[in-house]
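Could you put the whole structure together from the sequences, leaning on the hints where they help?
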Amino acid sequence: MTLLTRYFLRQNMGLLLLICAIGLGTYVFIDLFDRLDDFLDSGTGLQDVVAYFIYRLPFILAQIFPAVFLLALVTQFGLMARGRELLALEACAVSFGALSRSVLIYALILCGVQLTLSEFLGVHGHRAADRIWNEEVRNRQMQNRRLHDIWFREENRVVHLSSVVPAQEDGAGVEIFMLDPASGAIDEIVRAESFEVQRGEWVLSGVERTVPASFSVIREDALRLRMVTPLKSFLVIDPKASLESLPLWRLGSEIRRLRDSGSNIERLLTAWHTKLAYAGSVLIMGLIALALVSVSGSLYLTIPLGLVVTFCYHGMFVLCVSAGEKGLAPPFAAAWGANIFFAALAGARMFWGRAWLG
Numbered sequence: 001m002t003l004l005t006r007y008f009l010r011q012n013m014g015l016l017l018l019i020c021a022i023g024l025g026t027y028v029f030i031d032l033f034d035r036l037d038d039f040l041d042s043g044t045g046l047q048d049v050v051a052y053f054i055y056r057l058p059f060i061l062a063q064i065f066p067a068v069f070l071l072a073l074v075t076q077f078g079l080m081a082r083g084r085e086l087l088a089l090e091a092c093a094v095s096f097g098a099l100s101r102s103v104l105i106y107a108l109i110l111c112g113v114q115l116t117l118s119e120f121l122g123v124h125g126h127r128a129a130d131r132i133w134n135e136e137v138r139n140r141q142m143q144n145r146r147l148h149d150i151w152f153r154e155e156n157r158v159v160h161l162s163s164v165v166p167a168q169e170d171g172a173g174v175e176i177f178m179l180d181p182a183s184g185a186i187d188e189i190v191r192a193e194s195f196e197v198q199r200g201e202w203v204l205s206g207v208e209r210t211v212p213a214s215f216s217v218i219r220e221d222a223l224r225l226r227m228v229t230p231l232k233s234f235l236v237i238d239p240k241a242s243l244e245s246l247p248l249w250r251l252g253s254e255i256r257r258l259r260d261s262g263s264n265i266e267r268l269l270t271a272w273h274t275k276l277a278y279a280g281s282v283l284i285m286g287l288i289a290l291a292l293v294s295v296s297g298s299l300y301l302t303i304p305l306g307l308v309v310t311f312c313y314h315g316m317f318v319l320c321v322s323a324g325e326k327g328l329a330p331p332f333a334a335a336w337g338a339n340i341f342f343a344a345l346a347g348a349r350m351f352w353g354r355a356w357l358g
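Position 57 (the sequence shown) corresponds to 57 in full-length UniProt numbering; numbering is contiguous.
Hints may contain errors.
[To be verified] Okay, derived cross-link-like pairs now, SDA-like style, lysine to any residue, Cα gap no bigger than 20 Å in a straight line:
hint : residue 1 : residue 2
1    : 275       : 63
2    : 232       : 322
3    : 232       : 200
4    : 232       : 173
5    : 232       : 157
6    : 275       : 265
7    : 275       : 119
8    : 326       : 300
9    : 326       : 344
10   : 232       : 162
11   : 275       : 318
12   : 275       : 246
13   : 275       : 323
14   : 275       : 58
15   : 232       : 169
16   : 275       : 155
17   : 275       : 232
18   : 275       : 252
19   : 326       : 273
20   : 232       : 134
21   : 275       : 332
22   : 275       : 315
23   : 275       : 322
24   : 232       : 333
25   : 275       : 121
26   : 232       : 154
27   : 275       : 341
28   : 275       : 316
29   : 275       : 325
30   : 275       : 116
31   : 275       : 126
32   : 326       : 316
[Stated by the list, open to error] Between beta-carbon pairs, the in silico distance windows are:
hint : residue 1 : residue 2 : range
33   : 323       : 135       : 33 to 39 Å
34   : 252       : 29        : 33 to 39 Å
35   : 312       : 108       : 19 to 25 Å
36   : 36        : 224       : 23 to 29 Å
37   : 37        : 224       : 43 to 49 Å
38   : 206       : 185       : 23 to 29 Å
39   : 14        : 37        : 34 to 40 Å
40   : 311       : 25        : 16 to 22 Å
Derived by calculation from the structure, the hints in this document are not laboratory data.
For each residue, glycine too, the CB sits at the ideal point set by N, CA and C.
Structure below.
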């Protein structure tokens, strides 16, 4: 590692930590005042409030990290330009490319840091914070938790529950599709107004059985079915959990499982690529910072420009991902589109711009 690289890293890490602290403090301050009434109304103790925000910190940091890195870089380059350090480097025949390589390698390492924050600490912390919010603040205790629109498969049955209280093992709005083991065709559709579990069996009430082959409908007051899927398992893993709350490796396993079953996996694939693309945005922010310093070395120009570019990048990123989730664009193109576009713009400016300052 050269002396220039060590000097650059030492300065940047200090600025990165400072801007991270400012960003986290601002976010927590705003979030606290936004939720303060809820905390006070629920009588949540100070210990739970502090724990909630501590658990949220890795997730918040992972979200703001690319923008923080860009601001740290443009601030550092602005300070170096003000102190005539960039001019001194150019006078000593230190090329812009030499510094750019150090910045991009550093940014690549930080991509791994962002991915770790998001997929390890961020995911677990986000779940712990949600548990505190749901149980302590919103008073949604597990024994009263109601889940909606649940689908699962058990052997040759596909089950849909409109609503279910797993801890009490009852629910309403049941549809069970009985499949032929050989052909996979639907042999029978069982619908029920409500159900409850008794001694390992599901007792359905207000039953309507439809047999497609004979176009017949049979109505019964009650029906007992042997089901082995434990409803309480849905309290451990919420089947309707948002895609962002699933870690990368779990999302990958879900994609493989659903692909094998013939399900549509476009949305899941988009979410999987999005996680990697957002980690890669740290590298893109490094490219943008280098492009901005080739435009001007003034702090008063590069910092506002950096904020504007960050806003534009985030807007385009969200727009592309939304298009991918709705099936309007291929998953890879949707997730990586903003990265590719801004990398091309920054690369073009660096290639055709002047060595240090425009």
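Here is what the structure says about each hint:
About 11 Å separates the Cα atoms of residue 275 and residue 63, which keeps this hinted pair within 20 Å; it holds. Simply put, residue 232 and residue 322 have alpha-carbon atoms about 33 Å apart, too far for the 20 Å limit, and the pair is violated. For the hint linking residue 232 to residue 200, the alpha-carbon distance of about 12 Å falls within 20 Å, and the restraint holds. Of the pairs offered as hints, the one joining residue 232 and residue 173 holds, with about 18 Å between alpha carbons and a cut-off of 20 Å not exceeded.
Straight-line distance between C-alpha atoms of residue 232 and residue 157 comes to about 19 Å, which keeps the hinted pair within the 20 Å bound. For the given pair, residue 275 sits about 16 Å from residue 265 by alpha-carbon distance, which is consistent with the 20 Å threshold. The straight-line distance between the Cα atoms of residue 275 and residue 119 is roughly 8 Å, inside the 20 Å bound, and the hint therefore holds. The hinted pair formed by residue 326 and residue 300 fails the criterion: a straight-line CA distance of about 40 Å is larger than 20 Å.
A hinted pair counts as satisfied when its Cα atoms are at most 20 Å apart, and residue 326 with residue 344 does not qualify at roughly 26 Å. As the CA atoms of residue 232 and residue 162 are separated by approximately 16 Å, the hinted pair is consistent with the 20 Å bound. Taking the CA atoms of residue 275 and residue 318, the gap is about 12 Å. The hint holds against a cut of 20 Å. A C-alpha spacing of about 10 Å is found between residue 275 and residue 246, which places the hinted pair at or below 20 Å, so the restraint holds.
The suggested pairing of residue 275 with residue 323 holds, with an alpha-carbon distance near 16 Å, which does not exceed 20 Å. Our distance criterion of 20 Å between C-alpha atoms is met by residue 275 and residue 58, whose separation comes to about 15 Å. As the CA atoms of residue 232 and residue 169 are separated by approximately 7 Å, the hinted pair is consistent with the 20 Å bound. Between residue 275 and residue 155, the direct Cα distance comes to roughly 33 Å. Violation of the 20 Å bound is thereby established for this hinted pair.
Distance hint between residue 275 and residue 232 is unfulfilled; the C-alpha atoms sit about 30 Å from each other, more than 20 Å. Between the alpha carbons of residue 275 and residue 252 the distance comes to roughly 11 Å, so the proposed pair stays at or under 20 Å and holds. At roughly 15 Å between alpha-carbon atoms, residue 326 and residue 273 fall within 20 Å of each other, so this suggested pair holds. Under the criterion of a C-alpha separation no larger than 20 Å, the hint pairing residue 232 with residue 134 is consistent with the structure, at around 18 Å.
This hinted pair checks out: residue 275 and residue 332 have alpha carbons roughly 11 Å apart, not beyond 20 Å. Taking the CA atoms of residue 275 and residue 315, the gap is about 16 Å. The hint holds against a cut of 20 Å. Taking the CA atoms of residue 275 and residue 322, the gap is near 14 Å; set against the 20 Å cutoff, the hint holds. With a CA separation close to 39 Å, the supplied pair residue 232 and residue 333 exceeds the 20 Å bound.
Using a Cα cut-off of 20 Å, the hinted pair residue 275 and residue 121 holds, with the two alpha carbons roughly 14 Å apart. Simply put, residue 232 and residue 154 have alpha-carbon atoms about 15 Å apart, close enough for the 20 Å limit, and the pair holds. Restraint check for residue 275 and residue 341: the C-alpha separation of about 18 Å stays at or below 20 Å, so the hint holds. Annotation: proposed proximity of residue 275 to residue 316 holds, straight-line Cα distance about 16 Å (limit 20 Å).
Of the supplied pair hints, the one linking residue 275 and residue 325 holds, its CA atoms being roughly 13 Å apart against a limit of 20 Å. Between residue 275 and residue 116, the direct Cα distance comes to roughly 11 Å. Compliance with the 20 Å bound is thereby established for this hinted pair. Simply put, residue 275 and residue 126 have alpha-carbon atoms about 15 Å apart, close enough for the 20 Å limit, and the pair holds. With a C-alpha separation of about 15 Å, the suggested pairing of residue 326 with residue 316 holds against the 20 Å cut-off.
For residue 323 and residue 135, the hinted distance range of 33 to 39 Å is satisfied, since their beta carbons lie about 36 Å from each other. The hinted range of 33 to 39 Å is satisfied by residue 252 and residue 29, whose Cβ atoms lie roughly 36 Å apart. Separated by about 23 Å at the C-beta atoms, residue 312 and residue 108 satisfy the suggested range of 19 to 25 Å. For residue 36 paired with residue 224, a C-beta distance near 51 Å fails the hint of 23 to 29 Å.
In this structure the hint that residue 37 and residue 224 lie 43 to 49 Å apart at CB holds, the actual value being about 48 Å. For the pair residue 206 and residue 185, the beta carbons lie near 26 Å from each other, so the given range of 23 to 29 Å is met. A beta carbon spacing of about 38 Å between residue 14 and residue 37 agrees with the range 34 to 40 Å that was offered as a hint. For the pair residue 311 and residue 25, the beta carbons lie near 21 Å from each other, so the given range of 16 to 22 Å is met.
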